[in-house]
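There are 2 protein chains.
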Amino acid sequence: MITQKINRISIIGAGNVAFQLAVWLHSKGFMIDSVWNRTYSKALELAKLVDAQAIMHLTGISEKSDLYLLCIKDDALPGVIKDMSGLRIKSNIIAHTSGSTPITIFDQYFNNYGSLYPLQTFTKGKWMDATEIPFFITSISENTTEKLGMLAQSLTKKCFVISDQQRLMIHLAAVFACNFSNHMFCLAQKLLADNQIRFEILHPLLKETLQKAIEHNPCEVQTGPAERNDQKTIEKHLELLSENEELQNIYSTLSKSILKSR
Amino acid sequence: MITQKINRISIIGAGNVAFQLAVWLHSKGFMIDSVWNRTYSKALELAKLVDAQAIMHLTGISEKSDLYLLCIKDDALPGVIKDMSGLRIKSNIIAHTSGSTPITIFDQYFNNYGSLYPLQTFTKGKWMDATEIPFFITSISENTTEKLGMLAQSLTKKCFVISDQQRLMIHLAAVFACNFSNHMFCLAQKLLADNQIRFEILHPLLKETLQKAIEHNPCEVQTGPAERNDQKTIEKHLELLSENEELQNIYSTLSKSILKSR
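Residue numbers (the working numbering), protein chains in the order written: chain A, 527 to 788; chain B, 527 to 788.
Quick caveat, the hints were computed from the structure, so don't treat them as lab data.
Do not take every clue at face value.
Note: identical chains are not told apart, hence a pair may lie in one copy or across any two.
[Claimed, not checked] Distance condition first, Cα-Cα at most 20 Å in a straight line; then the derived EDC-like pairs of lysine to aspartate or glutamate:
no., residue 1, residue 2
1, K683, E658
2, K650, E741
3, K762, D601
4, K616, E772
5, K684, E658
Model the full structure from these sequences, guided by the hints.
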């Protein structure tokens with residue numbers, strides 16, 4: 527059997543992920559049928575950009591799309607999926623872009639479903655190059671996996687088929703590597719600001735730290751007082767943070783963890 | 527009075543900082559007199575590179591250097607400084623490159639002293655461009671500050687005069703922004719490896735996260751479950767980490783801190 531390619535897509539959501547995905551897909555020749563968003567004006571804004579029709583209610587969505595792509599917040603998924611289960615699109619593909627939602631969320635409502643998860647942080651108005659961004663596919667059937675795979679491969683060189691469990695772990699790892707490391711930058715920025723020093727002085731060090739972690743295994747290029755087990759400096763730092771119990775706690779927790787990782 | 531420029535330098539230490547600083551200074555026309563290191567063979571290796579004389583004992587150090595630059599570990603400083611206090615170099619400048627040691631460590635032994643602190647992580651054999659690397663100067667007198675400043679400005683565009691307290695805070699901030707964020711990368715790498723996924727898939731996200739933190743204030747571009755106060759995802763992640771108390775503790779500690787920073 528020759529798998530029929532996905533040609534027509536409806537986008538549910540009009541946030542940063544929806545905008546970027548719709549623009550990529552449109553630029554690669556996919557036809558965007560409908561765009562729905564809880565706030566109609568945002569649906570309209572995105573629809574205009576990709577020659578699609580903005581719809582006010584989900585009941586107005588095109589029934590001719592090969593794929594319905596849900597780019598909405600995790601907690602909005604159950605309601606929207608239930609609302610869409612009443613539409614005559616049972617044999618089409620429905621997929622979400624959520625890192626932490628199993629595809630079983632579609633189980634009782636749809637037949638052909640999956641997930642298309644691009645691992646990147648998107649900023650409104652900042653169009654990115656898709657070719658290096660990893661896309662992860664999880665789906666209910668080989669046929670659906672193949673169709674989503676062909677779509678993803680038209681955007682990126684890096685397309686992987688994974689399980690729900692693996693996607694969960696990737697999302698969790700991304701929280702550590704990106705959300706938590708950014709918070710470390712934020713805490714550093716505040717420490718410096720309290721001492722009349724600009725965060726910019728750290729830029730070269732930040733760039734080189736990431737460069738090393740990318741060129742090597744990050745665990746192997748760990749540096750700093752905890753890695754050297756330099757208790758004298760660790761104590762000095764904890765003393766400097768004596769008026770900030772929260773930072774002190776973070777400092778000891780992470781230092782202990784680094785020490786344990788050696 | 528016209529300040530006399532530093533022309534001749536002796537390097538104490540032959541680690542990554544010593545190598546990079548000596549090579550930079552030599553390339554800018556400074557004369558490197560002596561290189562001393564606890565392990566003579568390393569002193570010899572560096573001395574060859576910068577046309578200097580490797581010395582076996584500190585007593586053999588050239589007395590004609592305008593600057594004695596101590597690029598050694600924090601805990602080796604007191605001993606070496608004491609040993610050097612017996613040399614006939616009282617009127618010359620002595621400076622360390624330590625982020626967390628106050629310059630008062632020289633107090634009872636020397637007259638003209640300070641610190642020259644380059645804020646970067648150095649790797650053996652990887653020569654870096656000095657021009658964008660911030661150099662921080664702390665010193666006992668205006669005259670010494672001026673001399674160290676002239677030297678630093680021959681290497682970098684970014685030279686700042688700071689206090690001991692500010693240098694301590696910069697070093698502490700660097701531990702958060704670089705050592706701790708690298709540990710986050712390391713933990714993410716381990717989580718992925720446990721699930722048969724390569725760390726490389728995070729590279730584009732890591733680069734974009736740093737890019738955003740550099741273009742904006744990192745606190746303002748924080749993302750993730752904690753930033754959204756998405757308790758459902760946070761609980762899901764803590765459950766995924768249920769067999770790893772250490773990671774669970776780090777996850778909740780940092781999520782609470784992000785939540786508090788909002």
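>> Reference check for the pair K650 and E741, CA-CA at most 20 Å: within, between, both, or neither?
In response: Between copies only: 15 Å across chains, 30 Å inside a chain, cut-off 20 Å.
> How would you label the pair K684, E658 (within, between, both, or neither) given a Cα cut-off of 20 Å?
Replying inline: within (6 Å within a copy, 34 Å between copies)
> Checking K616 and E772: alpha-carbon separation at most 20 Å within a copy, between copies, both or neither?
Replying inline: neither (51 Å within a copy, 45 Å between copies)
> Between copies, within a copy, both or neither: which fits K762 and D601 at Cα up to 20 Å?
Replying inline: Cα proximity of K762 and D601: across copies only (13 Å, versus 44 Å in one copy).
> Under a CA distance limit of 20 Å, which applies to K683 and E658: within one copy, between copies, both, or neither?
Replying inline: Result: close within a single copy only, 6 Å intra versus 34 Å inter.
The structure does not agree with numbered hint 4 stated previously, though it agrees with all others.
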